[in-house]
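If you're matching them up, the sequences are chains D and E in order. Everything in the first sequence is counted per this note's numbering, starting at 292 for the first residue and increasing by one. Everything in the second sequence is counted per this note's numbering, starting at 308 for the first residue and increasing by one.
Calculated directly from the structure, the hints in this document are not laboratory data. Hints may be right or wrong, so weigh each one.
[What the hints assert, rightly or not] Restricting the straight-line Cα-Cα distance to at most 25 Å, the calculated cross-link-like pairs of lysine-lysine (DSS-like) are:
1) K714/D to K417/E
2) K377/E to K705/D
3) K344/E to K705/D
4) K588/D to K309/E
5) K309/E to K738/D
6) K663/D to K309/E
7) K738/D to K310/E
8) K705/D to K417/E
Below, each chain spelled out in residue letters.
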Amino acid sequence: MDTVFKGEHLLPGQIGQFFIVLSFGAALISFISYYFATTEDAGKNDSSWQRMGRIGFYVNSISILGMGVCLFYVIYNHYFEYHYAWAYTSRSLPVYYIVSGFWNGQEGGFLLWTFWQAVLGNILIRRAKSWERPVMTVVAFSQIVLATMVLGVEILGTRIGSSPFLLLRKALEAPIFQNPDYLSFIKDGQGMNPSLQNYWMIIHPPTLFLGFASIVVPFAYAVAGLWQKRYKDWVAPAIPYALFAGMILGTGVIMGAFWAYESLNFGGFWAWDPVENASIFPWITMVAALHVLIVYKNTGHSYFTATFLVLISFVLVWYSSFLSRSGILGDTSVHSFTDNGMFWQLVISVLIFLIISVVLLVARWKQLPITKKDEDTYSREFWMFVGSVFLGLSCFHLLVVTSVPVWNAMFGTKIAPPSDVIKHYNVIQSSFAFVVTILTGIAQFLKYKKTDVTRFFITTGLYLLFAALITALVVYGTGVYKLNAVFILVMWGSVYSVVANAKILGDAFKGQYKLAGSAVAHIGFGLLLVGALIAAGTSSVISINNTGEGFSPEFAKEQNPRENIIVYRNQPVKMGDFLVTYTGDSISAPNHFFKVDYKQVDANGKVTNEFVLKPKVQVNKGQLASSPDTKHYLFHDMYTHITMSNAISATEGGSESAHDEVDDDKNYDTPVSHEVKPGDTIKYRDGYILVKALNKEAKVQNIPLSDSDVAIGANLEVVTHGNHYNVVPVYMIKNGNVFDFARKVDDAGLKLRFSKVIPENKKVEIMVYQQPESKKKFIVMKAIQFPYINFFWAGTIIMVIGFFMSIRRRKKELKVV
Amino acid sequence: MKKSAIFGLVVIAIAIAVIISVYSNSSTYGSFSDATKTTSELHIVGHLNKTKQLYYDATKDANYFSFYMKDNKGEERKVIFTGTKPEDFERSEQLVLTGTMVGQEFHASKILMKCPSKYTQDKLEITEAKATQASI
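Isolated chain D (complex conformation):
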């Protein structure tokens, strides 16, 4: 048991583990102190409990930094005795990916989350003033829960949390660990999954986790409001934070979509994968909460809904973390983690926050400022409220479907998600989106509280009509009309949202600056939906393959889209409007790029447009991972993705040249001999060969020739698919023996031998070896055209700008009041 292991560096791990425990303890102290500061020292200006709470929180923040430094030290120095370093990094990983190796694992994700929460906590300590004590009680509590996730300590026989400083020999069971010198056998780590080696991996997770972490602030305010019975005044300070959370989380999610689109191979930007859905639950409810908070602030109505949505957003953050980390999605998601032994711990965390929310609401139910009076039908607030409830319903639907495995686990049922799950989501979510987008326009036309009804109906009607006209044009022009009617409705709603909010924005420039932020955000959201609808709805696979030999006739009869096409090297294939050629490879390990040339040719045979895409396949430990390449145009994208190729093998770098001649001939069809003289042409399957001349000064490397020896080269030009290759096979008589030196044209799949000289008729014999189709290099690729996808990205950016403008406005209001 007491083996002394050689070469381990235990100190950084011990320091790191110390920091983990310290952060847990400090959070606990901070929580307790803040709790008593809130209850015992209520009303007192000077509170020693509060000072303790602050100190505790500072210590917590510092120890989180300490953990980060230790983990980075371990990863940076390639101490593979640590499981985390071994599992996620390798020596060959460039430094900037070492940074992302940091959050590759679940533990790193929690670390990032707790780090951001610490940053936000420090901001609150400075800014929250009279709210500091109760709000920080909640934040400190959340820090405790997060700290337990990385604790990695055994208490009463159960392991709590999973520490990033776990040693490899403790993480895995293998006989090798009985060897004290085991480290000398572990030369390198597992490395990062090649599909994660992308600059998005560096910025996407921190952004997403900042988004998740920032939801704690509105949650803390809502809890504090209920707890301290200050029902009214938590709302104003919480709104900017809620806006911030919506902005960052939205950005993070769309970054993920962009990453998927740019470099992963799902062939799109959104696949409704459960893990993706889980990340937008809290965003949807947060955005809904935001709107209802504003309603409450302006009218005093809808207090319960506002509080409920804020509380549920944070519970959903934890729920989504549970979904993606507990392994429960195993059968339905392609990118969920597997269970790390923390299933129940995650369940408990979700329940803790759920119970806190429910208990507080129930305990304060009677006192909640719930209005008995109805809201005015023609007030903006009423329709904002309705829109928010529909957002909530849309989230509810996503939640019900995504959680199917959870229902199965809870009730022992065996339901599977809908078989065409993407269509299911698209149709139902679009129905909600239609209502919500229409309301984003209508509500803006209404005045806060009370509106001139006739004028409202006229403007709304006019804009709806105008939007309908534009929609008709767009729908007809892009082909969206071929889709389900609900998509046309969403298009109408989105266009309406854009034009109506554009009008509001126009008014804003005339002086009503207050609404500018929301107008911009809504325009962005509308454009985002327009882009998503057209790009996803009318994306066309242009690599439709009708040439498959069809293994069984009934197979071809089914309307199966045959979306993959085979392209042989240097043999152009017609694909939609394009002539596509696989022209070559370029390899810089671990990336193998395939050069795919796209040409558009007009009726006169002139090339009007040409570009080269370089989709790549990465080789990592015998696994292949392919990444698409996309040509971006202003109004559409050409997306190309390699699904298979024989030009790459999982053990790339191994030599194939070691074959001897006899073996090599097996790679070719039976040769065909031709008797030719200079000036003749030889036809073959893929083109022709021109016999240009015979030259008597041919030389072969490393073979010196004496005077009696003869070496003749045949200057041949191979012409195939518009490409020209010059080759010189050599015929040689040396010391009375005949040799010939074949030459290969790999690009054309040819081998040429100059095998005989026939003096009688002054001809020579050329043997043509052709590679059979199956031995020729090819790629199987899929090409998709995404029209108008830039609306999607541009809409996102505009929406973020709108959020940002609103944050500034709400902050300004805060200072005034």
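Fit chain E to the given chain D structure using the hints.
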């Protein structure tokens, strides 16, 4: 009746409609023998029979891939997938197919595979160490 009450009822109605539509749209997990009895799409969980041939020849047809899968009840069927062979298919530990039976073959419209090596990287790959290890 108050407006908010009406609205509340509408919301509840929609929520119920959502649940019903999800439930009626939902498919079921089954076995190959279940699939022979129905024409609707089914999810089947099972694992790849690695001893039988995986057929994919892009030069013949780039969109035809066939293999043999055993479902969780041990029944084995030939599966045909219209598309290319997914990367690392041979390494999969578990497969979830979506599709229908056509004659004796299962035609999959979707394949979801779990490759444990991708997410839990807990397979210690010891290349040279094994030989040394054996002598201890």
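To see whether the hints hold, each was checked on the structure:
A hinted pair counts as satisfied when its Cα atoms are at most 25 Å apart, and K714/D with K417/E qualifies at roughly 14 Å. At roughly 19 Å between alpha-carbon atoms, K377/E and K705/D fall within 25 Å of each other, so this suggested pair holds. Taking the CA atoms of K344/E and K705/D, the gap is about 18 Å. The hint holds against a cut of 25 Å. Taking the CA atoms of K588/D and K309/E, the gap is near 22 Å; set against the 25 Å cutoff, the hint holds.
Taken as a hint, the K309/E and K738/D pair is honoured in the structure, with Cα atoms around 22 Å apart against an allowance of 25 Å. At most 25 Å may separate the alpha-carbon atoms for a hinted pair to count; K663/D and K309/E meet this at roughly 10 Å. Between K738/D and K310/E the CA atoms are separated by roughly 19 Å; this keeps the pair inside 25 Å, and the hint holds. Note on K705/D and K417/E: the hinted pairing holds, with a Cα-Cα distance of about 19 Å set against a maximum of 25 Å.
Going down the numbered hints, you'll see the structure goes against none, and every one checks out.
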